[in-house]
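Chains A, B and C, in that order, are what the protein sequence lines are. Numbering-wise (my numbering), the first sequence opens with residue 10 and increments by one. Numbering-wise (my numbering), the second sequence opens with residue 18 and increments by one. Numbering-wise (my numbering), the third sequence opens with residue 605 and increments by one.
One should not assume that every hint holds.
Claimed, not checked - Keeping only pairs whose Cα atoms sit at most 20 Å apart, straight-line, the calculated EDC-like set for lysine to aspartate or glutamate is:
{"#": "1", "chain 1": "A", "residue 1": "K101", "chain 2": "B", "residue 2": "E364"}
{"#": "2", "chain 1": "A", "residue 1": "K193", "chain 2": "B", "residue 2": "E236"}
{"#": "3", "chain 1": "B", "residue 1": "K353", "chain 2": "B", "residue 2": "E364"}
{"#": "4", "chain 1": "A", "residue 1": "K193", "chain 2": "A", "residue 2": "E90"}
{"#": "5", "chain 1": "A", "residue 1": "K101", "chain 2": "A", "residue 2": "D191"}
{"#": "6", "chain 1": "A", "residue 1": "K101", "chain 2": "A", "residue 2": "E90"}
{"#": "7", "chain 1": "A", "residue 1": "K193", "chain 2": "A", "residue 2": "E221"}
{"#": "8", "chain 1": "A", "residue 1": "K101", "chain 2": "B", "residue 2": "E236"}
{"#": "9", "chain 1": "B", "residue 1": "K244", "chain 2": "B", "residue 2": "D231"}
For the record, the hints were derived by calculation from the structure and aren't laboratory data.
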Amino acid sequence: MTSMLDTGTSGSPVPDGQTPVLETRGLTKRFGGVTAVRGVTLALPHAGVYGLCGLNGAGKSTLFNLLAGALRADEGTVLFEGKDVTGLSASKRSRLGLSRTWQLVHLAGQRTVLDNVAVACLPSPSQSMILAPFRTQLRDARERARLVLDDLGLWHMHDRLAGTLTLEGQRLTELARAVADDPKVLLADEPASGLSGTQRSALADTLVHLGETRTVMLVEHDLDMLERISRYLWAMLDGGIAFAGRPDEFAGTHAHAALRGIQAARRTTDLRNLATPADENPPT
Amino acid sequence: MTAVRPETGTGTVRPQAAWGWWQRLDATSASMALGVAVVGIVALVALNGNYTGLVVTTGVGYAVVTVGMVAQIGYSHQLAFSQSVFMGLGAYGAALLETRYNQGVLVSMLAVIVGAVVVAYLIGAVVTRAPGLALALATLLLPLFLYELVTYSSYLGTFAGISGVLPLWSGETYAEGMVRTGVVAVIILAVVVWLVMRIMRSGVGLQLMALAADERLAEGMGVNLRKRRLGVFIFGSVLAALGGAIVASAQGIVTPDLVNESAEVTLLIMVFVPGRRNVIAAIVGAIVIEWLSTSTEFISTNLPTFEGALLILVLLIEPDGIVGLCQRGWEAVRRKRVERAVAAKEETA
Amino acid sequence: MTKFLNLLAAGLTSGAIYAIFAACVTLWYRVSNLLNFAVGDFAMIGAIGTALLVQDQHLPFAVAVIIVLVAVALIGWLFDVGVLHYALDRSTRGARVVAVFFYTFGLSLVLEGIARAIFGTDVYAAPPIWGGPASQVLDFHIQHAGVLTIALAVIVGLALWAYLRFTVSGKAVAACGESSLGARIVGISSGVLRRRIFILTAVLAALFGVVESPVTGFVYNSGPSISLIGVVAAGFAAYNKPGRAVLAGLGIGVIEALLGGYVSTQYNDVILYAALFVIIIMRPEILGLGAESDLAGVTV
Numbered sequence: 010m011t012s013m014l015d016t017g018t019s020g021s022p023v024p025d026g027q028t029p030v031l032e033t034r035g036l037t038k039r040f041g042g043v044t045a046v047r048g049v050t051l052a053l054p055h056a057g058v059y060g061l062c063g064l065n066g067a068g069k070s071t072l073f074n075l076l077a078g079a080l081r082a083d084e085g086t087v088l089f090e091g092k093d094v095t096g097l098s099a100s101k102r103s104r105l106g107l108s109r110t111w112q113l114v115h116l117a118g119q120r121t122v123l124d125n126v127a128v129a130c131l132p133s134p135s136q137s138m139i140l141a142p143f144r145t146q147l148r149d150a151r152e153r154a155r156l157v158l159d160d161l162g163l164w165h166m167h168d169r170l171a172g173t174l175t176l177e178g179q180r181l182t183e184l185a186r187a188v189a190d191d192p193k194v195l196l197a198d199e200p201a202s203g204l205s206g207t208q209r210s211a212l213a214d215t216l217v218h219l220g221e222t223r224t225v226m227l228v229e230h231d232l233d234m235l236e237r238i239s240r241y242l243w244a245m246l247d248g249g250i251a252f253a254g255r256p257d258e259f260a261g262t263h264a265h266a267a268l269r270g271i272q273a274a275r276r277t278t279d280l281r282n283l284a285t286p287a288d289e290n291p292p293t
Numbered sequence: 018m019t020a021v022r023p024e025t026g027t028g029t030v031r032p033q034a035a036w037g038w039w040q041r042l043d044a045t046s047a048s049m050a051l052g053v054a055v056v057g058i059v060a061l062v063a064l065n066g067n068y069t070g071l072v073v074t075t076g077v078g079y080a081v082v083t084v085g086m087v088a089q090i091g092y093s094h095q096l097a098f099s100q101s102v103f104m105g106l107g108a109y110g111a112a113l114l115e116t117r118y119n120q121g122v123l124v125s126m127l128a129v130i131v132g133a134v135v136v137a138y139l140i141g142a143v144v145t146r147a148p149g150l151a152l153a154l155a156t157l158l159l160p161l162f163l164y165e166l167v168t169y170s171s172y173l174g175t176f177a178g179i180s181g182v183l184p185l186w187s188g189e190t191y192a193e194g195m196v197r198t199g200v201v202a203v204i205i206l207a208v209v210v211w212l213v214m215r216i217m218r219s220g221v222g223l224q225l226m227a228l229a230a231d232e233r234l235a236e237g238m239g240v241n242l243r244k245r246r247l248g249v250f251i252f253g254s255v256l257a258a259l260g261g262a263i264v265a266s267a268q269g270i271v272t273p274d275l276v277n278e279s280a281e282v283t284l285l286i287m288v289f290v291p292g293r294r295n296v297i298a299a300i301v302g303a304i305v306i307e308w309l310s311t312s313t314e315f316i317s318t319n320l321p322t323f324e325g326a327l328l329i330l331v332l333l334i335e336p337d338g339i340v341g342l343c344q345r346g347w348e349a350v351r352r353k354r355v356e357r358a359v360a361a362k363e364e365t366a
Numbered sequence: 605m606t607k608f609l610n611l612l613a614a615g616l617t618s619g620a621i622y623a624i625f626a627a628c629v630t631l632w633y634r635v636s637n638l639l640n641f642a643v644g645d646f647a648m649i650g651a652i653g654t655a656l657l658v659q660d661q662h663l664p665f666a667v668a669v670i671i672v673l674v675a676v677a678l679i680g681w682l683f684d685v686g687v688l689h690y691a692l693d694r695s696t697r698g699a700r701v702v703a704v705f706f707y708t709f710g711l712s713l714v715l716e717g718i719a720r721a722i723f724g725t726d727v728y729a730a731p732p733i734w735g736g737p738a739s740q741v742l743d744f745h746i747q748h749a750g751v752l753t754i755a756l757a758v759i760v761g762l763a764l765w766a767y768l769r770f771t772v773s774g775k776a777v778a779a780c781g782e783s784s785l786g787a788r789i790v791g792i793s794s795g796v797l798r799r800r801i802f803i804l805t806a807v808l809a810a811l812f813g814v815v816e817s818p819v820t821g822f823v824y825n826s827g828p829s830i831s832l833i834g835v836v837a838a839g840f841a842a843y844n845k846p847g848r849a850v851l852a853g854l855g856i857g858v859i860e861a862l863l864g865g866y867v868s869t870q871y872n873d874v875i876l877y878a879a880l881f882v883i884i885i886m887r888p889e890i891l892g893l894g895a896e897s898d899l900a901g902v903t904v
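Produce the complete structure using the sequences and hints provided.
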């Protein structure tokens, strides 16, 4: 097999002279004998949508969690706005402005969407419980949440109970929560999984809109979406970056072929094809 | 659900009226508290210090505990089995202060509250560090611990307990004292109701519900897990102690039975069967079950059996108790009505 | 020295019942992810039922024991079929951690209530299997019932360990605990296994009640405190290894006896509970619940 390491000709997406908002250098993570992420180096500028793709097991989720702070790296560094945050926990990183979404979300089902977003908008989250009956911040928080929902075009569902939301509604609420405190970087963990085609394109529009004012790093299986909205993308294989470049440079690379091939195989409806032995020459 | 376009919305929030003192009081919480107070006082005055009045007052004491459990277990999902222990602390504490140390009611009540805060802080600081199951198991040991301690300690009166606990507000006759104690108890309950409602409707309450739903998510949104867990534990425990002191005052005596091994389960039944997330349900549950446990011979001896069966039924059918069942029922009725309306519209179209 | 040995013997005797409860709780937890707080009540039924059948109905001892064991098995079967089946086998809606405790809390209450109605509030002891005064071995006394209990505890503990380790069925039990969906996929019917183990648990507990009751004595509400110790002892084995659970149970029994002998007869239990509390809080990892366990984060 020829080398999978095809790189784009455009180099890093970060313009020269600019400090990347989020950057990793030689990031490595091992689980027992398995190296899930090996020496990953990438950099993100201050705005735009960026993609991270790869097959299951390639290391995307691990890299995602390393960036978010949910996992601690074995080697390498993570830099946020030039500062070393490798040792910081996820909640500390989120306070600095690095937010993430979760795939499996448990919202407070008995409260409205507005309130579920308002939790993320509380002016002083450490307010003592004793003061709470006498000085609530909920009014201000709801106002801020209203602005967030408005901006994302979600205001129409603000008074629906979170427990009655569809999957799309939950995902969008989760997205609203993640951007509620105006993070500089939003890490989105497969927000499109489980959504239909129309829902995906709506989500894509939302992400593009968010990408106008901050950096959005999108981990996704949906290559169409990634190629459509990403300014730059990384494809992982076996823990390393197999491709880094613009989406238009992605087509034709081996990494692209591998990922597309799997997608095509997934879409096949002819069961007989699945039963026959695999081709010698994988489709290009 | 229709596709969402990221356009600028036209949503508006109803402009808030200026926040005068009434708004600060929060109409919903205040009216609920007021309702509880009015109903309770009227009932107690009508009962005029008879035996049912005593039972109701005791039930009100239990209600203070269960309302705290609604906040602690129902909303914040903190499964701690320590409320009966704190009830015992409050009851025995008040009794000791009033009989051995000759303190008045006001002093002993305040001392119970302060003492409960301290003890809850000490225990809670340690206990809330542990993961959920460990917390639950460890707090299960506490009632056993306290019961053994109390039955063997002569200082605490062993099996006979301590008698001579003062009424909350004494009167010229026993009946009058009973009514007055009951009225004070109801007022305390009303204040507690207001507190709990207010907290759950505030930003902190929202944080607690988010924490209950998903801890990692809550932490990512800036919720200080340790602080909230500890706060909830202290809150529930202090209310339990206060309730225990009220019960002791109503009964005039505190015995080890207040903290025996079924005391905690009784409390859980009072909360879970009526509806663990509903303050009024918890109050009704406390009073009804307390009344049942002192009614006919047959019912009171077999009450644990019924309680056990009810607990299992509630878990099987509807974790949110009777209230939850009713809500499901109304939801179903509402949905049918909507469906019928839609079908009718389609027919005419 | 004599005193120490006597205490040791007494401790092992009462520890034996904790041990067997701990083993039962562990085994059943492996297969169902629930804690059985009703073990003590099954023991109580075994003890008091046998006592009454022999004393009042004048049935031969063996017959009485068999009747009681069958009755307990029936109760266990009914509970699983009537309650647990609906709770666990049909859907996963509803509380998880609450389920861990509350279903068997409820069962315990019901059993106690019925026991009180039928048996009254007296203390009972089943007739001893191996009668006679306490033997004197070397310098210390040991009750015959105590010897039996300890021996039975060790045998059962070993048997359960071997069952889990060496038999196919035992491995299936362990598999169910790990992942009931995965177990079902490979053809293990976790519902059936759970039922069998529950019945086995109930019968074993009842048997131990019969054997141990000549030494202690059972009243209708003896169950909960020994159940709780059993559950805690099982916790020290991370709800995973019956063998270690047996050791933990024996250990707690011995500590309880030693505390009673050397520190205070009245407050030995108080100290014991306090000590257990401290251990669980300080070292919750003993319970084998890392952050990954889905019971670590409470979802009520």
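Quiz item: Can you give the numbers of the hints that this structure goes against, from lowest to highest?
Solution: 1
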